[in-house]
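Participant: Listed below, chain by chain, are the residues.
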Amino acid sequence: MKLTADENAMLDGSRGKAHRKAMELLVRYGEALGAERFVDTTNVAGVPGTSNTFLEKYFTQPGDRYDVIYSLYDLDGDEVVQVPKVSVNSCHLQGGTDPENWRTLGMKPEQLRISQAGEAGAERLGIKILKTCTPYLAGNVPKRGEHCAWMESSAVVYCNSVLGARTNTEGRESTSAAMLTGKIPDWGFHRDEFRFANHRVNVEVPVESLMDWGMLGYYVGEVVGERIPVLLGKYGPPDLIRHKHFGAAAASSGGVEMYHLVGVTPEAPSYEAAVGPNRDLETFTYGKAEQRRTYETLNSRGQDPNVDYVMLGCPHAALEQIQEICRLLDGRRINSGVRLWVFTSRAIRAVADKEGYSKIIRDAGGVLITDTCSAIAQALPPNTKVAALDSAKQVHYLPAIMGIQAWFGSTADCIDAALTGRWNGVAP
Amino acid sequence: MIRLHGRKVVGGVAEGEALVTRQTISGWGGVNAMTGTIIETRHELRGVSFKDKVLVCPGAKGSSGWSSVFHQARLAGVAPKAMIFNEMTTKIALGCVVMRVPSMTDLDRDPLELIETGDWVRVDADSGVVEIRKAAAKASD
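Chains A and B supply the protein sequences, listed in that same order.
The numbering used here puts the first residue of the first sequence at 548, with every later residue one more than the last.
The numbering used here puts the first residue of the second sequence at 6, with every later residue one more than the last.
Simulated from the structure, these hints should not be mistaken for lab results.
Since the model is a prediction, treat every value here as computed from it, not as a measurement.
For every residue, glycine included, the Cβ atom is placed at its ideal position computed from N, Cα and C.
Be careful, since some hints might not be right.
As the list claims (entries may be wrong) - Reference listing, derived: stretches of chain A covered by chain B, where coverage requires no fewer than 3 residues with Cβ under 8 Å from a Cβ of chain B: (1) 809-818; (2) 897-907.
Claimed, not checked - Between beta-carbon pairs, the in silico distance windows are: (3) A:MET949 - B:GLY16: 49 to 57 Å; (4) B:GLY82 - A:ASN930: 27 to 35 Å; (5) B:HIS10 - A:ASN930: 36 to 44 Å; (6) B:ASP111 - A:SER847: 29 to 37 Å; (7) A:LYS632 - B:GLY16: 42 to 50 Å; (8) B:ARG138 - A:GLU843: 40 to 48 Å; (9) A:ASP611 - B:ASP115: 18 to 26 Å; (10) B:ASP111 - A:TYR605: 28 to 36 Å; (11) A:VAL973 - B:ARG47: 20 to 28 Å.
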């Protein structure tokens with residue numbers, strides 16, 4: 548790789564050991580990618596210094612615990628270095644527990660302690676503790692063209708596609724190194740020529756509801772894999788929440804990091820603009836049969852109609868979704884055999900608390916939880932056997948991680964299941 | 006013996022038994038980092054561990070926790086011995102780096118066509134060479 552003077556200064560240790568370790572990791576990573584240089588990044592989102600019970604036991608070296616984890620794990624180094632403040636705008640994405648509802652999540656005091664120690668360490672470095680998979684709903688909205696280094700596949704696809712900012716799907720180690728150095732390999736989505744669509748999906752059934760968008764996203768990820776699709780056809784203009792669920796689904800069933808909706812997303816004012824120099828795009832059709840098959844795939848881990856857990860807020864719920872949940876609950880109490888957990892960010896819950904939505908959910912028998920989700924925390928209500936979910940992403944992960952059954956449907960289907968204890972969802 | 010030439014992703018030399026999949030691999034949520042076992046619901050390798058294997062796959066998909074999961078797999082002692090893949094992404098590049106195992110891509114012939122599970126594979130990433138010794142014809146079972 549060709550390095551600039553300031554990059555060389557970091558690599559030779561002139562700016563301290565932590566910067567040297569961070570640069571060494573980034574050079575190993577850049578060379579693995581085949582990148583020729585770095586770009587300066589001004590917006591980094593990761594999970595710096597976050598520990599867990601495994602890492603706590605593994606890294607027994609002496610020293611400040613946050614520095615130990617950051618040096619040996621985040622920077623993949625072989626010695627503990629003192630980690631200085633970050634040099635660029637950096638935020639912490641979702642974490643492993645909610646400091647208020649950790650008991651509800653079934654966390655042990657030790658897990659809370661590890662989580663809070665990590666948070667204190669990140670704060671010391673000047674990292675914003677957003678604790679959400681939706682930083683763009685919690686005050687971190689990159690501008691068009693901004694070079695970012697983000698983790699969280701659902702946030703990455705939103706960043707590239709909806710905001711027109713530029714990020715690859717970064718990982719724990721690359722984001723932690725970028726927070727210190729402000730550098731990330733100039734590869735992939737940082738480059739104009741990489742961002743054009745190379746696959747086409749013709750949408751031949753109406754796609755309107757949130758559930759429709761989740762299914763379409765899941766289908767698109769399955770057929771295009773890690774490629775960049777442009778979608779044409781019968782979809783209404785999606786709002787922020789539909790983008791959020793579509794992108795999250797496409798990034799889970801496949802590895803979609805950017806999509807183009809002609810006339811909707813910023814880099815697709817026209818089909819020609821979306822595809823650039825690419826010709827003869829491999830084309831897929833999303834019709835009635837594909838929609839039906841996607842619905843069946845998403846419900847392949849559901850057998851028992853008796854639901855005991857309803858999980859909403861994947862990716863973290865926007866305020867509009869919390870309002871919608873309150874509207875659907877309509878003053879009723881959920882079934883005594885069901886638990887309702889709704890996940891969101893701290894920022895959104897602060898407003899939900901103030902506006903009375905948290906109380907409405909609590910009065911109905913549910914709980915509004917922040918910072919994490921069932922998949923990240925690996926936390927379910929006791930004895931959960933069958934979950935109801937309105938997120939294609941969550942239904943992709945949760946049954947696989949936790950070994951439970953799960954149904955996929957609309958938010959209304961899920962609230963109905965919470966109220967009745969039965970799954971009554973129907974195919975579109 | 007079949008010889009392939011390609012590009013070094015992470016340097017080093019290692020050899021072992023191949024574990025081959027034609028499906029991309031999810032890291033976080035797709036792999037148990039403590040055992041190296043694939044857990045993704047509909048994956049063809051579900052229930053199979055890549056510990057000490059030469060893992061041959063099209064590439065990575067899914068969560069940005071990919072590198073983290075493979076990093077922890079290394080610490081837990083269940084990482085693959087080497088990696089061979091076709092499609093470069095940031096997930097798999099970073100994952101290979103922090104696994105610290107010899108890794109290669111851009112081979113001159115498709116490794117998914119030529120390598121089968123059970124073949125003995127030597128990955129010399131420093132020289133950019135993959136050598137494949139085909140497993141003896143298996144008894145039908």
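Participant: Please go over all the hints and tell whether each is borne out by the structure.
Facilitator: Do the hints match the structure? See the list:
{"no.": "1", "hint": "809-818", "verdict": "violated (count 0)"}
{"no.": "2", "hint": "897-907", "verdict": "violated (count 0)"}
{"no.": "3", "hint": "A:MET949 - B:GLY16: 49 to 57 Å", "verdict": "violated (38 Å)"}
{"no.": "4", "hint": "B:GLY82 - A:ASN930: 27 to 35 Å", "verdict": "holds (33 Å)"}
{"no.": "5", "hint": "B:HIS10 - A:ASN930: 36 to 44 Å", "verdict": "violated (55 Å)"}
{"no.": "6", "hint": "B:ASP111 - A:SER847: 29 to 37 Å", "verdict": "holds (36 Å)"}
{"no.": "7", "hint": "A:LYS632 - B:GLY16: 42 to 50 Å", "verdict": "violated (33 Å)"}
{"no.": "8", "hint": "B:ARG138 - A:GLU843: 40 to 48 Å", "verdict": "holds (43 Å)"}
{"no.": "9", "hint": "A:ASP611 - B:ASP115: 18 to 26 Å", "verdict": "violated (48 Å)"}
{"no.": "10", "hint": "B:ASP111 - A:TYR605: 28 to 36 Å", "verdict": "holds (34 Å)"}
{"no.": "11", "hint": "A:VAL973 - B:ARG47: 20 to 28 Å", "verdict": "holds (23 Å)"}
The earlier numbered hints that this structure contradicts are 1, 2, 3, 5, 7, 9.
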